[in-house]
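Asks: The residues making up each chain are set out below.
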Amino acid sequence: MANETTVPTVAPEVFPQVAPEKGMFISLGPQHPSTHGVLRVAITTDGEIVTSAQPDLGYLHRATEKLAEKRTYPQIIVLTDRLDYLAAMTNNWSFCLAVEKMMAVAIPERADYLRIIVGELQRIASHCVFLGTYGIDIGAFTPFLVAFGRERERILDLFEEICGARLTYNYIRIGGVMADAPEGWEAKVRKFVKEMWGHLKEYDTLLTYNPIFMDRTQNIGKMSQEMAIAWGITGPNLRATGFKADVRKDDPYGLYSKISFDIPVGKQGDCWDRYWVRIQEMRESLKIIDQALDQMQPGDTMGKIAKTFRVPVGEGYAHLEAPRGDLGFYIVSDGTPSPYRMHIRPPSFVNLQILQVLLKGWKVSDVIAILGSIDIVLGEVDR
Amino acid sequence: MTAAEILSTIQAKYPGLQEIPKVLGQARGDELYLSVSAAELHALCQFVRFDPGLSFDYLSFVTSVDWKTHFEVVYYLVSTLHKHKLVLKVKVEDRTNPEVPTISTVWPTADWQEREIYDMMGIKFKGHYNLRRILLPDDWEGFPLRKDYAPKPDRYD
Amino acid sequence: MFELGPILSKAFATLSGWVIAHGVPAMGAWIINKSIQVGALVLGVSLVPMVLVYAERKVSAFMQARLGPMNVGPYGIFQTLADGVKLIFKEDVIPIGSDRILHVLAPMVACAPAFVCFAPVPFGKGLVPINLDIGVIFIFAVSGITTIGVLMAGWGSGNKFSMLGGIRGAAQIVSYEIPRVLSVVPVLMFYGTQSLQGIAMAQTGRWHGFLPKWFIFYPVIGQIAFLIFLIASVAETNRVPFDIPEAESELVAGFHTEFSGLKFALFFLAEYAYVFLSSAMAAALFFGGGDGFSAGGIIPSWLWFLGKTFAIVFLFLWFRWTFPRLRVDRLMQFCWQFLLPWSLANIAFAGLAVLLRS
Amino acid sequence: MIEQWAPIVIFGAMSALLIGLSLVVVTARSVFRGAIALAAALGVAAGLFALLGADFVAAGQLLIYVGGIMIIMLFVIMLSQRPLAKLDRQANDQWLWAALFSLAVTCGLIVQFRAVYRGVFFNPEAAPTSASIGRLLLGDMIVPFEAVSLVLLAALVGAVYFGLGKEES
Numbered sequence: 308m309a310n311e312t313t314v315p316t317v318a319p320e321v322f323p324q325v326a327p328e329k330g331m332f333i334s335l336g337p338q339h340p341s342t343h344g345v346l347r348v349a350i351t352t353d354g355e356i357v358t359s360a361q362p363d364l365g366y367l368h369r370a371t372e373k374l375a376e377k378r379t380y381p382q383i384i385v386l387t388d389r390l391d392y393l394a395a396m397t398n399n400w401s402f403c404l405a406v407e408k409m410m411a412v413a414i415p416e417r418a419d420y421l422r423i424i425v426g427e428l429q430r431i432a433s434h435c436v437f438l439g440t441y442g443i444d445i446g447a448f449t450p451f452l453v454a455f456g457r458e459r460e461r462i463l464d465l466f467e468e469i470c471g472a473r474l475t476y477n478y479i480r481i482g483g484v485m486a487d488a489p490e491g492w493e494a495k496v497r498k499f500v501k502e503m504w505g506h507l508k509e510y511d512t513l514l515t516y517n518p519i520f521m522d523r524t525q526n527i528g529k530m531s532q533e534m535a536i537a538w539g540i541t542g543p544n545l546r547a548t549g550f551k552a553d554v555r556k557d558d559p560y561g562l563y564s565k566i567s568f569d570i571p572v573g574k575q576g577d578c579w580d581r582y583w584v585r586i587q588e589m590r591e592s593l594k595i596i597d598q599a600l601d602q603m604q605p606g607d608t609m610g611k612i613a614k615t616f617r618v619p620v621g622e623g624y625a626h627l628e629a630p631r632g633d634l635g636f637y638i639v640s641d642g643t644p645s646p647y648r649m650h651i652r653p654p655s656f657v658n659l660q661i662l663q664v665l666l667k668g669w670k671v672s673d674v675i676a677i678l679g680s681i682d683i684v685l686g687e688v689d690r
Numbered sequence: 136m137t138a139a140e141i142l143s144t145i146q147a148k149y150p151g152l153q154e155i156p157k158v159l160g161q162a163r164g165d166e167l168y169l170s171v172s173a174a175e176l177h178a179l180c181q182f183v184r185f186d187p188g189l190s191f192d193y194l195s196f197v198t199s200v201d202w203k204t205h206f207e208v209v210y211y212l213v214s215t216l217h218k219h220k221l222v223l224k225v226k227v228e229d230r231t232n233p234e235v236p237t238i239s240t241v242w243p244t245a246d247w248q249e250r251e252i253y254d255m256m257g258i259k260f261k262g263h264y265n266l267r268r269i270l271l272p273d274d275w276e277g278f279p280l281r282k283d284y285a286p287k288p289d290r291y292d
Numbered sequence: 046m047f048e049l050g051p052i053l054s055k056a057f058a059t060l061s062g063w064v065i066a067h068g069v070p071a072m073g074a075w076i077i078n079k080s081i082q083v084g085a086l087v088l089g090v091s092l093v094p095m096v097l098v099y100a101e102r103k104v105s106a107f108m109q110a111r112l113g114p115m116n117v118g119p120y121g122i123f124q125t126l127a128d129g130v131k132l133i134f135k136e137d138v139i140p141i142g143s144d145r146i147l148h149v150l151a152p153m154v155a156c157a158p159a160f161v162c163f164a165p166v167p168f169g170k171g172l173v174p175i176n177l178d179i180g181v182i183f184i185f186a187v188s189g190i191t192t193i194g195v196l197m198a199g200w201g202s203g204n205k206f207s208m209l210g211g212i213r214g215a216a217q218i219v220s221y222e223i224p225r226v227l228s229v230v231p232v233l234m235f236y237g238t239q240s241l242q243g244i245a246m247a248q249t250g251r252w253h254g255f256l257p258k259w260f261i262f263y264p265v266i267g268q269i270a271f272l273i274f275l276i277a278s279v280a281e282t283n284r285v286p287f288d289i290p291e292a293e294s295e296l297v298a299g300f301h302t303e304f305s306g307l308k309f310a311l312f313f314l315a316e317y318a319y320v321f322l323s324s325a326m327a328a329a330l331f332f333g334g335g336d337g338f339s340a341g342g343i344i345p346s347w348l349w350f351l352g353k354t355f356a357i358v359f360l361f362l363w364f365r366w367t368f369p370r371l372r373v374d375r376l377m378q379f380c381w382q383f384l385l386p387w388s389l390a391n392i393a394f395a396g397l398a399v400l401l402r403s
Numbered sequence: 018m019i020e021q022w023a024p025i026v027i028f029g030a031m032s033a034l035l036i037g038l039s040l041v042v043v044t045a046r047s048v049f050r051g052a053i054a055l056a057a058a059l060g061v062a063a064g065l066f067a068l069l070g071a072d073f074v075a076a077g078q079l080l081i082y083v084g085g086i087m088i089i090m091l092f093v094i095m096l097s098q099r100p101l102a103k104l105d106r107q108a109n110d111q112w113l114w115a116a117l118f119s120l121a122v123t124c125g126l127i128v129q130f131r132a133v134y135r136g137v138f139f140n141p142e143a144a145p146t147s148a149s150i151g152r153l154l155l156g157d158m159i160v161p162f163e164a165v166s167l168v169l170l171a172a173l174v175g176a177v178y179f180g181l182g183k184e185e186s
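As given, the protein sequences belong to chains A, B, C and D, one line each in that order.
Our numbering applies: residue 308 is where the first sequence begins, and numbers increase by one.
Our numbering applies: residue 136 is where the second sequence begins, and numbers increase by one.
Our numbering applies: residue 46 is where the third sequence begins, and numbers increase by one.
Our numbering applies: residue 18 is where the fourth sequence begins, and numbers increase by one.
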């Protein structure tokens, strides 16, 4: 097209065709056990092979961006809780980062460490849900009740203790966090971290290295690095292709620059790699929590912020590494108490697009394995 | 590359392009902001995507803002190789039939994001292979994120 | 002391004597006796799934760090009963697009053979409902009819997921039937009979005074045969890791997606009855049936038999709550490229062993 | 009395059922229903074998025909037909000739059977037949038995050939 001298890294077959093809048509969802919510995927198959797949969204659309234009900034934090409801902490955090960036307020160090601790706990909780539901997708029921019902429940108990809520926290506020951790909370987190190492070993024997599980997921749904970047894939899905990319390292926010941790990467970007990267990430999160607990000193947890405040005219974009990838908030302010325009860059929505090309050519029974490994939350896809 | 270096690299190829300067007191990140015309957009995107020095291979997001008099489409580009950023802004004056060329042929990730902008703000992306509503029902009237959108009263109003 | 077999045969002899004394012809007495036996068997077979469902819930709960049913009755023992009552009173839905006759008949066709299959099972010494000479083959033959019920359900529901489930089920069951039958052939060759009771009786005795003469303890041949039989039986009963026909995450509920109420309960009943049947067969074929370590002692043979059967049932439950599901093409590959060659090789080994012995 | 009449009654009922099911097979408008009726008819035929004391043949009939061949046939129908498709008459305009031919065959069979008929006998306590069948198949009849398996082998090879040929094109 424009530049003849460059070689496009995006292969032409990457672009999906919308023309309906002949063959058997299967409408997977919106009421199907494996679509993790209300997603519908329209699939046409030629025998066992998928020839086209079109995700159909919007069943959970709640007009968050429009609502935000009518709310004050602190009120919007409540809306962000409902986006990725499995990782509400990082949603709060990302929005607050964007507003704080525009207002240029300083955050007390203790608040920043608390944010890191709850953010990483949230990542573990979210990956626990992934682990459980992916197990169910593959047909193993026990990991679900172990990871979802035992470990995640303990994290939710910790959250309940620190902010009173179990799912929609509204804990991270503009300028700091809602409240300091109650007495003894840090010791409980330490105890949990210690025990979680053992539980992760249990997951490995139960699922990760189970031959049937590996057979179902290895070499299935392979994604190349170029393809992943071109489609804007972020988070564990991108890292599974072997590409070291993590907002916590590339564009450090909070106090992540003071903490040492690794970015686990996969080898070939198949379903098993995507799963394995998440398991490894839980280990890294445990390390981060330990370090943050060590470095945290007593102090204030809220910066100097007026009760009612205005954000200066202008625009700002801040993003962070949510459990599902690069979550960003783009805010345009006209100086009034509510944003003029707020755009959410949702990792699930962007990651989900690749299904259009990723599912093609795989067997029908692999569809579930691939869909589950992308790990989407419909609350964030539809907003 | 710093913002100045990116600007000079781009201006060597497209001398007409101007940076959007930061107004005093305005809140804004330290990314390079460029104003692009709709006609130039596609070629420029091809250039910044495949130029080895710039290599903006990752389109973080595409969005649009309704400024009442005109629309503004915002492209936020990141290079995963050089870790530098670039913001492109396209001004669309025509409110009745706003049109911008698609860049989903450069970054496939723009596919659904452009569809969402079309869905919410009614900006058409010329050359997009599948420009349909994505989140709202196909028979929805109007574009909700426009500032002049008046929701139809339903039975609860 | 507590052997049921002699007591029961005595009781039935007394009954028929009493009936004949009252002027009923011998054939009538025979019919009365058999009716009571069949009634008892059907009742017992219907109760077994209830016990198994409860066991499944409790076993899975303890494997998953939870308690399982606790509310209905002490430790939730009446939960299955309550569920059964619920299923009976549930609305019976027949989808508009379905083939009504097939839809209604399917659960019956799937369930009825499960009851018939228990006829030649030796529940203890002298405790076999009908001692068929072709017992093993009879069970294989009759249980094959269930597959037709599965296919009828898949087709008659008029639902794509059901049909995919039915197709998968048919392919799977027909394939796994072959290694399953072949894995039993060495047993038949060793004992020279097809009667389950005859096989179980032939396994009494001890090697060197302590090791029971069960088929499982024949070196190599016994273990291979049992493993193949166990794996193929899991596949035949559509249980994890071979639950492809009703793969929840892929096919909603497979062939029984459109069934509700009592009709669903019948499919459920059939599944658990077959789990019990396969375990009972394994106990009789490979573990000496009612043969125990204190034969003639305190523990009667029927308790030994039930104990062994439930131990094998536990294996089924354990598999289900541990393994993920195989993919459908891998499933076929496993059957045809692994199980079938090994079961054929095992028959060859067994032939050699029989030749050397004689 | 009852010992004499019961087998006759059971035989009559089963034969009537068999004939009825066979009629359903040829008249059913849905192929699938026809196939199900065929499976049921084969099952009843197994019952007839059992009635005659041929226990092994009855079990074999069930195992191979109902549990094997019929399932494969149903499988093929499910793969090739659409459920809920418009039901159509399954017979074409040659049904009259087919009926006449079947009638002729039936008459021939009746004539033949009359020559060897010795009365219906009901023998539930008959000696097990599997051992003698085994001896026959691997003894006197070994040559035809192996010849039949050769035919099956040829069919398998043919199937593999066609299966491979399809993949190449």
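None of these hints come from the bench; they were simulated from the model.
The reader is advised that the hints may include incorrect statements.
As the list claims (entries may be wrong) - Below are the BS3-like pairs computed for lysine-lysine, each with C-alpha atoms no more than 30 Å apart in a straight line:
id, chain 1, residue 1, chain 2, residue 2
1, A, K377, B, K218
2, B, K220, A, K565
3, A, K408, B, K287
4, A, K501, A, K594
5, B, K220, A, K574
6, A, K574, A, K495
7, A, K508, A, K551
8, A, K551, A, K377
9, A, K508, A, K611
10, C, K205, A, K670
11, A, K611, A, K565
12, B, K287, B, K218
13, A, K529, A, K498
14, B, K203, A, K551
15, A, K594, A, K614
16, A, K501, A, K551
17, B, K148, A, K373
18, A, K501, B, K218
19, A, K377, B, K226
20, B, K220, A, K529
21, B, K157, A, K408
22, A, K594, B, K218
Asks: Work down the list of hints and note, for each, if the structure agrees.
Replies: Now the hints, each set against the structure:
no.: 1; hint: A:K377 x B:K218; in the structure: violated, 35 Å
no.: 2; hint: B:K220 x A:K565; in the structure: holds, 24 Å
no.: 3; hint: A:K408 x B:K287; in the structure: violated, 37 Å
no.: 4; hint: A:K501 x A:K594; in the structure: holds, 10 Å
no.: 5; hint: B:K220 x A:K574; in the structure: holds, 27 Å
no.: 6; hint: A:K574 x A:K495; in the structure: violated, 36 Å
no.: 7; hint: A:K508 x A:K551; in the structure: holds, 24 Å
no.: 8; hint: A:K551 x A:K377; in the structure: violated, 39 Å
no.: 9; hint: A:K508 x A:K611; in the structure: violated, 44 Å
no.: 10; hint: C:K205 x A:K670; in the structure: holds, 16 Å
no.: 11; hint: A:K611 x A:K565; in the structure: holds, 23 Å
no.: 12; hint: B:K287 x B:K218; in the structure: violated, 45 Å
no.: 13; hint: A:K529 x A:K498; in the structure: violated, 38 Å
no.: 14; hint: B:K203 x A:K551; in the structure: violated, 42 Å
no.: 15; hint: A:K594 x A:K614; in the structure: violated, 36 Å
no.: 16; hint: A:K501 x A:K551; in the structure: holds, 27 Å
no.: 17; hint: B:K148 x A:K373; in the structure: violated, 39 Å
no.: 18; hint: A:K501 x B:K218; in the structure: violated, 36 Å
no.: 19; hint: A:K377 x B:K226; in the structure: holds, 25 Å
no.: 20; hint: B:K220 x A:K529; in the structure: holds, 29 Å
no.: 21; hint: B:K157 x A:K408; in the structure: holds, 15 Å
no.: 22; hint: A:K594 x B:K218; in the structure: holds, 26 Å
The structure is inconsistent with the numbered hints 1, 3, 6, 8, 9, 12, 13, 14, 15, 17, 18, although it conforms to all the rest.
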